[in-house]
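Using the sequences provided together with the hints, build the complete structure.
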Amino acid sequence: MVYEWAELGTLKNVYKNYKIDWEAKISIARDICRGLAFLQSVRIFHHDIRCESVLINENIQPKLTNFKFAREFDAYPIPIDNINALIHWLAPEKLGHIIADWDKKPKKMEEARYTIQCEIFSFGMLLWELAFQKIPYEGMSMLDIQKHVLKGKRETLNFGLSPHPIQREFGEIIKLAWQQDPSLRPGIQLLFNKLQESYEKNVLSNKGSPLMRPLKEKENTINSTTGDEELVGSFLSDSEDQNELTPPIVIPLIPVREGLQAHLEDNYKKAWECFETNANVGDIIAMYWQGYYYLEGKYIDKNKQKAMESFRKAADAGNTYAQLRYAFCLIDKENKNIDINKFMKYLQLAADNNNATALYNLGDVYFSGKLGIKKDKEKGIYYLRQAALQKQAKAKEILETVVPLIPVKEGLRAHKEKDYKKAWECFEANANVGDILAIYWQGYYYLEGKHVEKNKQKAMELFRKAADAGNADAQLRYAFCLIDKENKSIDS
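Just so we're aligned: the sequence shown equals residues 1 to 492 in the UniProt record's numbering.
Some clues are possibly wrong.
[To be verified] For each label pair, taking beta carbons as the anchor points, the in silico distance ranges come out as:
hint	residue 1	residue 2	range
1	H164	L412	56 to 66 angstroms
2	L412	L482	23 to 33 angstroms
3	I406	R257	39 to 49 angstroms
4	L157	L482	20 to 30 angstroms
5	N280	K16	16 to 26 angstroms
6	A479	H148	20 to 30 angstroms
[Stated by the list, open to error] When the alpha-carbon atoms are kept at most 27 angstroms apart in a straight line, the in silico BS3-like pairs for lysine-lysine are as follows:
hint	residue 1	residue 2
7	K450	K422
8	K302	K270
9	K153	K456
10	K377	K416
11	K394	K418
12	K345	K379
13	K375	K391
14	K134	K153
15	K456	K416
16	K194	K269
17	K421	K375
18	K342	K302
19	K194	K153
20	K175	K63
21	K394	K345
22	K421	K450
23	K421	K374
24	K147	K465
25	K345	K377
26	K270	K377
27	K409	K422
28	K458	K151
29	K374	K422
30	K304	K270
31	K194	K12
32	K409	K394
33	K153	K175
34	K394	K342
35	K12	K175
36	K409	K456
37	K12	K153
38	K147	K175
39	K458	K416
40	K394	K379
Hints listed in this document are in silico derivations from the structure and should not be mistaken for laboratory results.
Ideal Cβ positions, reconstructed from N, Cα and C, are used throughout, including at glycine.
In structure tokens form, the structure reads like this:
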């Protein structure tokens, strides 16, 4: 592959040797985003998004490079031998599949589908790298990075007490891109719109500013505010040279939330147009709703095949609702034509994402041995209990037929009478079908070691569940469980 000549080398080399002003950073970020949007439009993954994969010419224009791992969306993945070089920018869904001997080096990466949303996450990390001019998680071990990111933690976004307007906007865009849930990350076009808006507001509105700023060597600064006598290269004038570099007109997308509002107001035409345009640039939520409109025939003709394709794309990118919809689209009305392996795969994905309907259906399939699946009551009860904890009514009904429940009030009476065995059995059974009060008391028994061995971790998990469901006693217990006996380790 032949590349244009880039006088300044990689963007990493530039930020290591020069202080880059924020006006230049927003311009560089916008143009990188434009390049990624183009790649997505021709269905190509770059697969190595970081500042070292960007070349910079004398006009501070970025050019994407390092296409070693690039491939078409549907192509077979290229094996990555040295994952160490990329781990700082990897999305959590990819980090979770790294198999490593952490005393030595990561060995390989298990099969984990790479999606547009992985590229969005890596772009967010590139923006952080550009913003702070250093490699993300510098000084952290590979294991520490993996644990840190998988827990939902990220690099710090500390721009000081009085951040530059571009810094605030940069930070907002970075936060959007590195969402833990892939389906919540925006499409590349939305990110471009935000970067373009910031560029127009903070750079183009500054009269006399050139579109791109050359390098200022005397102070090792790339900026957009110095006089032309100190600049290497040339400014862009008001002549045809500037017209050649004027960015193309970009029609801003209607945010997906406006499409959802239009849907609630039964304005299906406006909603469809919003979902379609956002889906076409990779927005996962928009893809799901595009599929829903095809499935239900809202504003457009029903088309189950197109619906399934949209659901599949959104499902593979991690959208739980799409995973569930796609699973059931694989079954026709008579339940005769079914790809059972695919159905179970996507139903399991939705259940793993804690979708109550998926948990119930998966539990029902195993519990009853439906659809040719071997009956496994133990596994079925496990998933039904998980669904019941989310107040899934049908799951509760099935569980109540398996083991008739002793009312919680009888368990409380047994507790007062110090019949801890009876009380525990009552609390445990009711907690398993989602009773919040029983969950609190089950946690209390684990905390105090009544009839069961003390287990603070189990107690905390139960208190947290009951607390999140609104139980005041559990909220207080959980708060104090976060403090150890010496009151030294506190999660504030």
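Cross-check of the supplied hints:
At roughly 59 angstroms, the beta-carbon separation of H164 and L412 lies within the given 56 to 66 angstroms, and the hint holds. Between L412 and L482 the Cβ separation comes to about 26 angstroms, which falls inside the hinted range of 23 to 33 angstroms. Checked against the hint of 39 to 49 angstroms, the pair I406 and R257 passes, with Cβ atoms roughly 46 angstroms apart. Take L157 and L482: their Cβ atoms lie about 25 angstroms apart, and the range 20 to 30 angstroms holds.
The hinted window of 16 to 26 angstroms between N280 and K16 is violated, with their beta carbons roughly 38 angstroms apart. Range check, A479 to H148: Cβ separation about 25 angstroms, and the 20 to 30 angstroms hint holds. In summary, the hint linking K450 to K422 is supported, as the alpha carbons are separated by about 11 angstroms, within the 27 angstroms threshold. Pair hint K302 plus K270 holds up; C-alpha atoms about 17 angstroms apart against a cutoff of 27 angstroms.
As the CA atoms of K153 and K456 are separated by approximately 24 angstroms, the hinted pair is consistent with the 27 angstroms bound. Of the supplied pair hints, the one linking K377 and K416 is violated, its CA atoms being roughly 34 angstroms apart against a limit of 27 angstroms. At roughly 34 angstroms between alpha-carbon atoms, K394 and K418 are farther apart than 27 angstroms, so this suggested pair is violated. Of the pairs offered as hints, the one joining K345 and K379 holds, with about 16 angstroms between alpha carbons and a cut-off of 27 angstroms not exceeded.
The hinted pair formed by K375 and K391 meets the criterion: a straight-line CA distance of about 24 angstroms does not exceed 27 angstroms. For the suggested pair K134 and K153, the alpha carbons sit about 18 angstroms apart, so the restraint of at most 27 angstroms is met. Between the alpha carbons of K456 and K416 the distance comes to roughly 23 angstroms, so the proposed pair stays at or under 27 angstroms and holds. Our distance criterion of 27 angstroms between C-alpha atoms is met by K194 and K269, whose separation comes to about 25 angstroms.
For the given pair, K421 sits about 31 angstroms from K375 by alpha-carbon distance, which is inconsistent with the 27 angstroms threshold. A C-alpha spacing of about 23 angstroms is found between K342 and K302, which places the hinted pair at or below 27 angstroms, so the restraint holds. Our distance criterion of 27 angstroms between C-alpha atoms is met by K194 and K153, whose separation comes to about 24 angstroms. A hinted pair counts as satisfied when its Cα atoms are at most 27 angstroms apart, and K175 with K63 qualifies at roughly 24 angstroms.
A distance of roughly 22 angstroms separates the Cα atoms of K394 and K345; the hinted pair therefore holds under the 27 angstroms criterion. With a CA separation close to 8 angstroms, the supplied pair K421 and K450 stays within the 27 angstroms bound. Using a Cα cut-off of 27 angstroms, the hinted pair K421 and K374 is violated, with the two alpha carbons roughly 35 angstroms apart. Straight-line distance between C-alpha atoms of K147 and K465 comes to about 23 angstroms, which keeps the hinted pair within the 27 angstroms bound.
Distance check on the hinted pair: K345 and K377 sit about 19 angstroms apart at the alpha-carbon level, within 27 angstroms; holds. At roughly 47 angstroms between alpha-carbon atoms, K270 and K377 are farther apart than 27 angstroms, so this suggested pair is violated. With a C-alpha separation of about 12 angstroms, the suggested pairing of K409 with K422 holds against the 27 angstroms cut-off. At roughly 19 angstroms between alpha-carbon atoms, K458 and K151 fall within 27 angstroms of each other, so this suggested pair holds.
Taking the CA atoms of K374 and K422, the gap is about 34 angstroms. The hint is violated against a cut of 27 angstroms. Taken as a hint, the K304 and K270 pair is honoured in the structure, with Cα atoms around 21 angstroms apart against an allowance of 27 angstroms. Distance restraint check for K194 and K12: the Cα-Cα separation of roughly 23 angstroms lies within the 27 angstroms cut-off, and the hinted pair is therefore satisfied. For the given pair, K409 sits about 23 angstroms from K394 by alpha-carbon distance, which is consistent with the 27 angstroms threshold.
Between K153 and K175 the alpha-carbon distance is near 11 angstroms, which keeps this suggested pair within the 27 angstroms criterion. For the proposed pair K394 and K342, the alpha carbon gap of about 24 angstroms is at most 27 angstroms, so the pair holds. This hinted pair checks out: K12 and K175 have alpha carbons roughly 22 angstroms apart, not beyond 27 angstroms. A C-alpha spacing of about 25 angstroms is found between K409 and K456, which places the hinted pair at or below 27 angstroms, so the restraint holds.
Proposed proximity of K12 and K153 is supported: the alpha carbons are some 24 angstroms apart, at most 27 angstroms. The suggested pairing of K147 with K175 holds, with an alpha-carbon distance near 19 angstroms, which does not exceed 27 angstroms. Distance check on the hinted pair: K458 and K416 sit about 23 angstroms apart at the alpha-carbon level, within 27 angstroms; holds. With a C-alpha separation of about 17 angstroms, the suggested pairing of K394 with K379 holds against the 27 angstroms cut-off.
Hint compliance for this structure: hints 5, 10, 11, 17, 23, 26 and 29 are broken, all remaining hints hold.
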